[in-house]
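Student: Given the sequences, and given the hints that come with them, work out the whole structure.
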Amino acid sequence: MIFDSETKLWLSGNEAIALGAWEAGVTVASGYPGTPSTEIMGNLARYEGVYAEWAPNEKVGLEVAIGACFAGARALATMKHVGLNVAADPLFTSAYTGVRGGLVILNADDPQMHSSQNEQDNRNYAFAAKLPMLEPSDPAEAKEMMARAYALSEQLDTPVLFRITTRIAHVKGVVEKGERCQVPEPSIAKMPAKLVMLPGNARVRRQAVEKRMEVARELAETLPENRIEPGTGRRGFITAGVPYNYVKEAFPTAPVLKLGMVWPLPERMIREFAASVDELIVVEELDPFLELHIKAMGIACHGKDIIPNQGELNTFIVRKAVEPDSIGALFAPIDLPMRPPNMCAGCPHRGLFYGLSRLKDIFICGDIGCYTLGFLPPLSAMDACVCMGASVTMAHGMSKALGKSGEGRIVAVLGDSTFMHSGITGLLNTVYNNSYASVIILDNRTTAMTGHQDNPASGRTILGNPAPALDLEQLVRALGVKRVIVVNPHDVETTRKVLKEEIESPEPSVIISRAPCVLIPEEARRKKPVYFTHLDNCTGCSLCVQMGCPAISWTPLTPEEAVARGYREKQKGFARIAENQCAGCGQCAAVCKFEAITRKEAK
Amino acid sequence: MKQSGNILFSGVGGQGILLASELTAHAQLAAGFDVKKSEVHGMAQRGGSVEAHLRYGEKVYSPLIELGTADILVAFEILEAVRYLPYLHKDSAVVVNTQKILPPAVALGKMVYPENILDELTSRQIKVVALDAFAVAESVGEPRTANVAMVGAMSNFLAVSPEVFLQVIEATVKEQFREVNKRAFAAGRAAVYA
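As you go down the protein sequences, you meet chains H and U in turn.
If you count by my numbering, then the first sequence holds residues 1 to 603, one letter each, in order.
If you count by my numbering, then the second sequence holds residues 1 to 194, one letter each, in order.
Do not rely on the hints blindly, as some may be mistaken.
[Said to hold, decoys possible] Here are some chain H residues pointing at chain U (derived, C-beta under 10 Å): (1) 248; (2) 316; (3) 344; (4) 548; (5) 570; (6) 573.
[Unchecked claim] Just a sample of chain U residues kept apart from chain H, beta carbon distances all over 12 Å, derived: (7) 26; (8) 61; (9) 62; (10) 80; (11) 86; (12) 93; (13) 129; (14) 132; (15) 139; (16) 140; (17) 157; (18) 162; (19) 189.
[To be verified] Sample of chain H residues with no beta-carbon within 10 Å of chain U, all distances over it, derived: (20) 45; (21) 173; (22) 179; (23) 189; (24) 191; (25) 211; (26) 249; (27) 295; (28) 308; (29) 310; (30) 334; (31) 402; (32) 497; (33) 552; (34) 566.
In case anyone wonders, no lab produced these hints; they're calculated from the structure.
It should be emphasised that the depicted structure is a prediction, and the values quoted were computed from it without experimental measurement.
Glycine included, every Cβ here is placed at the ideal spot set by N, Cα and C.
Tutor: Listed below in structure tokens is the structure:
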């Protein structure tokens, strides 16, 4: 990199956080991939002296980090916002045990839901779990703040929540490089009164939690990350995280109280700042978190009465909310065809969802991953999607509610990584409680949506080293499933038959739909055939078009155009494959009944 | 030299927008600016609309370009140029690749790809520079360098000298692709005047 110098780096927020964790002396890290947090772990794993891993889910990851910190190491757990829901059980009690080595829980919120199913504001977890939370405003500050997070964790004997949002994680900026601090020596130390949380001990620790938060509140008053930036004018802003930048851009000369620690809050500092301005405006994304607590102090302020409580903010939104009259004329948007994401050309999921889309009168419980795109037209083969693993359990619940009338109509679909994350216990329940719901595991050999991370079934660790690979068939048989069938989803006809048979079966069954993601390196490198269209043979039946492959497009024809091309007058159009986009899966050729799609071998 | 600016990159997932914005960011860093760049990963990369915001100046706070303030829009696809109209102002320059990638609704025959849609920009007196980046890239022998050809075309609108871009390519691109990328940059830069 041309910019690499001795002291400065050009890094994304996620890269900066990995660097910050390394500099802070972290030696153990565990997490589950989740946009926008994913690249932190992948980057941290490459640093010397750090053990980093992909855990099957966020609860596992956080518990691993808790264990490492109990052994005196500085530990990190990473997850996206909804991952903290999964990890909430250890989170709340780790607030009671406190730490030995520093423990930081990196939580990435996704305002605007760029790649998420909800936009919950996880600052609320800091309040609910009684934990300090830090929030940086850009990559440079994120790196610096990691050191502060570990120092606070050990000083206050508490896990520290570290909140970022998409516009930290996937923003690149200039970051100052530092040195790795002295790494603490791990050891075994027994501290049962602190670490064994049964009621007698926990009641004592409960008091320690309150005392610690009092100390933290006091500390917040002088923490360098909480600062008043003096300015001119009668209007002052309290802000934190990414919105700080929008305030600085829109109102560069206004006084600002920037909070680097968003919980607990520095009450005296806030009072002092509020008293210094005529009008106080709290600018924050999502919930009125700061606003509510500031109002609870009896301080009047504007907040969500003018600033939106949904979606991301930006400079324009903040400017418009505060000074609506200052907005000049903008070019209005033009109405254009939307371009939503789509399953890739050659995606194995397409064959499976095509099969499901052909089955009449079934309800498809979906899950979280690339395959959620099976919802979109033309396949439109998903009827519910809530959270990781919920496909399996919702299908069971529906079967119990519907009884006889649901037989042969309920199916769950989830990916291999999602199944290992939180589908296994659901399937156990399905078998134990005698359901008829069928479960389809889309085994594409990777965690695709988040950028192809390895997982317990991929046979490789985070660093690509060999690891034991989970045998999915053996596992589901061990859970008690008797009907276990593996299909190749590119074989569209067989897949459709198997789906029909298994969904109709009165006992639980598991269909493993197995073919590698087209984007994993081995697959991307493989020489593949391409398919091309014999336009003469195309009858315009549009079956191939209905698969929604991005390499196939439909050209509509008027009766005159149809005749001119030698087609029947009634033919409405024809399909064409863009050979440079074709990934050679052959699914379209399998559905074509008119020999209009032919295979051309790889050169 | 202009002391600050906003460059918006737009296109379709898989067109190499991230690399193009990365080369541009490095060139601005080499010119001594503070730079921030914002992109979105995850769901957005599965063939959907993709955008990257690049801002440079003495000190940059916001990672996002404010509506009405993009000085340059580098659009890798025609519709994806017009889609970002609210980010433009009357003095914006739009460098657009004339490639058409059909959105799903068009590929399915439910909607038509709008004809002459760039008129929406030119009719508002916005400067539009169109090039067939794919053809430019093929002319240098590697169709996959269309994104770098786009950077070359855009570089005409920046004060940073082309040599800085060539140094950035030298320093950031794998050795076996360096020369062809330099040629793509030069050809893209020349194509705008052609």
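Student: Each hint needs a verdict: does it hold in this structure or not?
Tutor: Verification of the hints:
1. The restraint placing residue 248/H at the interface with chain U holds, with a minimum CB-CB distance near 4 Å, inside the 10 Å limit.
2. For residue 316/H, the shortest C-beta to C-beta distance to chain U is roughly 5 Å, which falls under 10 Å, so the interface hint holds.
3. At about 7 Å, the closest approach between the beta carbon of residue 344/H and any beta carbon in chain U falls short of 10 Å, and the interface hint on this residue holds.
4. With its C-beta approaching chain U no nearer than about 7 Å, residue 548/H sits inside the 10 Å limit, and its interface hint holds.
5. Annotation: residue 570/H was flagged as interfacial toward chain U, and the flag is violated, the nearest CB pair being 16 Å apart, outside 10 Å.
6. This hint holds: residue 573/H has a C-beta 6 Å from the nearest C-beta of chain U, less than the 10 Å allowed.
7. Not every CB of chain H lies more than 12 Å from the CB of residue 26/U, the least distance being 5 Å, so the non-interface label is violated.
8. Under the 12 Å C-beta cut-off, the non-interface status given to residue 61/U relative to chain H is violated; the minimum distance is some 4 Å.
9. In this structure residue 62/U is not separated from chain H by more than 12 Å, as the shortest Cβ-Cβ distance comes to only about 4 Å.
10. With a minimum CB-CB distance of about 7 Å to chain H, residue 80/U fails to clear the 12 Å threshold, and the non-interface call is violated.
11. The beta carbon of residue 86/U sits about 5 Å from the closest Cβ of chain H, which is not more than 12 Å, so the claim that it is off the interface is violated.
12. For residue 93/U, the non-interface assignment is confirmed: its Cβ lies about 15 Å from the closest Cβ of chain H, beyond the 12 Å cut-off.
13. For residue 129/U, the non-interface assignment is confirmed: its Cβ lies about 18 Å from the closest Cβ of chain H, beyond the 12 Å cut-off.
14. With a least CB separation of 15 Å from chain H, residue 132/U remains clear of the 12 Å interface cut-off, as annotated.
15. In this structure residue 139/U is separated from chain H by more than 12 Å, as the shortest Cβ-Cβ distance comes to about 17 Å.
16. Separation of residue 140/U from chain H is adequate, the least Cβ-Cβ distance of about 18 Å exceeding the 12 Å criterion.
17. Here residue 157/U stays apart from chain H, with its beta-carbon at least about 19 Å from theirs, past the 12 Å limit.
18. Every beta carbon of chain H lies more than 12 Å from that of residue 162/U, the smallest distance being close to 14 Å; the non-interface claim holds.
19. With a closest Cβ-Cβ approach of about 19 Å to chain H, residue 189/U is found to remain outside the 12 Å limit, as its non-interface label requires.
20. Non-interface call for residue 45/H relative to chain U: holds, since the shortest CB-CB distance, roughly 18 Å, exceeds 10 Å.
21. The non-interface label for residue 173/H is inconsistent with chain U: the shortest C-beta to C-beta separation is roughly 5 Å, within 10 Å.
22. Every CB of chain U is more than 10 Å from the CB of residue 179/H (nearest about 23 Å), matching its label as outside the interface.
23. Residue-level check passed: residue 189/H sits 41 Å from the nearest beta carbon of chain U, beyond 10 Å.
24. No Cβ of chain U approaches the Cβ of residue 191/H within 10 Å, the least distance being about 41 Å, so the stated non-interface status holds.
25. With a least CB separation of 38 Å from chain U, residue 211/H remains clear of the 10 Å interface cut-off, as annotated.
26. Under the 10 Å C-beta cut-off, the non-interface status given to residue 249/H relative to chain U is violated; the minimum distance is some 5 Å.
27. Every C-beta of chain U lies more than 10 Å from that of residue 295/H, the closest at about 27 Å, which supports listing it as non-interface.
28. No Cβ of chain U comes within 10 Å of the Cβ of residue 308/H; the nearest lies about 15 Å off, and the non-interface call holds.
29. Distance to chain U confirms residue 310/H as a non-interface residue, since its nearest Cβ pair spans about 17 Å, more than 10 Å.
30. Chain U draws residue 334/H into its interface by the beta-carbon criterion, the shortest separation being 5 Å against a cut-off of 10 Å.
31. For residue 402/H, the requirement that its beta carbon stay farther than 10 Å from each beta carbon of chain U is met, with the minimum near 32 Å.
32. The beta carbon of residue 497/H is kept farther than 10 Å from every beta carbon of chain U, the shortest such distance being approximately 26 Å.
33. A Cβ of chain U approaches the Cβ of residue 552/H within 10 Å, the least distance being about 7 Å, so the stated non-interface status is violated.
34. Residue placement check: residue 566/H keeps its beta carbon more than 10 Å from all beta carbons of chain U (closest about 20 Å).
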